[in-house]
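J.: Here are the chains, one letter per residue:
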Amino acid sequence: MGWSLIRVWTLLVYLFMFLPIAVVVLLAFNANQFGSFPMTGLSLRWFDELFQNEAILRALRTSLTLGALTALISTTLGVLASLALVRYDIPFRNTISTILIAPILVPEVVLAVALLLFLQFLGIHKSFTLLLFGHVIFTLPFVILVVQARLVGIRRDVEEAAMSLGASPIQTFFTITLPLLTPAVAAGGLFAFTISFDDITDTLFWKPGGVETVPTQIFAMLRNSISPEINALGTLMILITAGLPLIGLAISRKLAMRRDRAG
Amino acid sequence: MSIEAREARQPWILLSPTLTVITLLLIVPVLFIVVYSFWLRTSVGDVQPGFYLDNWADTLTDRFYRDILLTTLRIAAITTVVCALMGYPAAYFIARAKSNKALLLLLLMLPFWISYIIRTMSWIYILGTNGALNTALQWLGITAEPIQMLYNETTVILGLVHFLLPFMVLNVYVSLDGVDETLEDAAGSLGATKWQSFLQVTLPLSLPGLAAGSLLCFVLGAGTYITPAVLGGPRDAMFANLVYEAIIIQLNWPLGAALSLLLLAVLGALVMIYNHFLGLGQLMKGLG
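These protein sequences, in sequence, are chains W and U. Going from the first sequence to our numbering is simple: count from 1 and add 235. Reminder that position 206 of the second sequence reads as 196 in our numbering, one-by-one numbering, no gaps.
No lab work stands behind these hints, which were simulated from the structure alone. Just so you know, not all the hints are guaranteed correct.
[As the list claims (entries may be wrong)] Below, in silico cross-link-like pairs of lysine-lysine (DSS-like), each with a Cα-Cα straight-line distance of 30 Å or less:
| hint | chain 1 | residue 1 | chain 2 | residue 2 |
| --- | --- | --- | --- | --- |
| 1 | U | 184 | U | 88 |
| 2 | W | 489 | U | 88 |
| 3 | U | 184 | W | 489 |
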């Protein structure tokens, strides 16, 4: 009795999480011109109009560039820091770990205000550079957490074997550690990209006038009126931010299976 | 240089770029706004460096700010409790599920990858005047006119629960998954009913996860700006909206600095208390 009650409850919780999102996706294909119920037929016209809309395309380009650069920088920094934490016995490990994840613990608004005012004071005004700095700082802890978790699983003795055969630490890193690390680097990069691509709170504080990312563009469009283009844009965003990790997951599974078979 | 000295230096070389970035882009800026909050915005709009207590006097004594801070904390608290009540049984089900566990976990991760603004906005399609619920009610003939269900405190809480529930479920799941299932059987064989063994064995062992999930829900909920802006009415502003007003609209940066520091102090105190009793390690388990 109790168990089936919990089962039904869980089902309802999942419905609660996904039904509203499913509605957005469904309405993106609605032929009705108001972007709301009732459904009057299926149509791709809103996707078509999306790709005619200069403002949306600009926002999409900004978001993609920002996300890619953020991922590149955060992953580079994050992998180096994770290597230090996992591979070496360092003093003050706990203090350093806390500092590294500090950006998660500071509320977004506070980080937004602090960075904005400090950089303005230094003469760096609202700009793409400020956005990039900001996105790096709040994605970095997540990259470190993900990469660290993967890194723990890579055995040290493979590296030691290479070094005992005469490879230098740098050679060992590029020929042994980095290839083994690829899934961790990819996961970290993907994570940083997704978080950056989705961010709205901080971005609203940092973006210069006239520059929009996809989320801030949607936010601005919501203020005017609900347009069906928003649903199409939302659906596209879901495809990018949820589709990429799912593909990544599928690829890493396939690689792991192949490795298992080879080993 | 000896090999040992080089070995000892290596981790610091690896860490230095990240530590530099965090120092320059987080720690120094937060210290900077502490100083900045004592500066004064003059009537012509310039900012006057110095040691003025005006912003702090406004921030701490103005009834308007205090009321909004209390509203913010109340909304965050209700959200946290609702998340716990909804999320705990679901996390229990996932932890004890015999089949489909991987699928359930994957689905649980999915909301983290779906844009916050889209998830928030989606409620407009459910509860709006042309939304699914109003359409259904009219189609069934229960109501003749659409009902205004949006833009109040309840919808803000609803939006926050929708946003934060996955954090709760994930954290509770992580700690429940670590509880040995045979403990419940052992309690049962000693004569405890299912309910008793849950209350006296499983629930206490899962409290660290529940606490971690609650802390995340509360801190993220209390710092939110988008949910009240999209799903709340004009009178449902939360504290972060005040900060946005002061910084972006009124351009009163010293006041905005003081307001955001007050939010940091209140939420920071909570994190400290949590860290003192449970340690931040549990939090990282759920995040990683």
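J.: Please go over all the hints and tell whether each is borne out by the structure.
T.: Hint-by-hint comparison with the structure:
| no. | hint | in the structure |
| --- | --- | --- |
| 1 | 184(U) x 88(U) | 18 Å, holds |
| 2 | 489(W) x 88(U) | 24 Å, holds |
| 3 | 184(U) x 489(W) | 41 Å, violated |
Of the hints listed earlier, the one the structure fails to meet is number 3.
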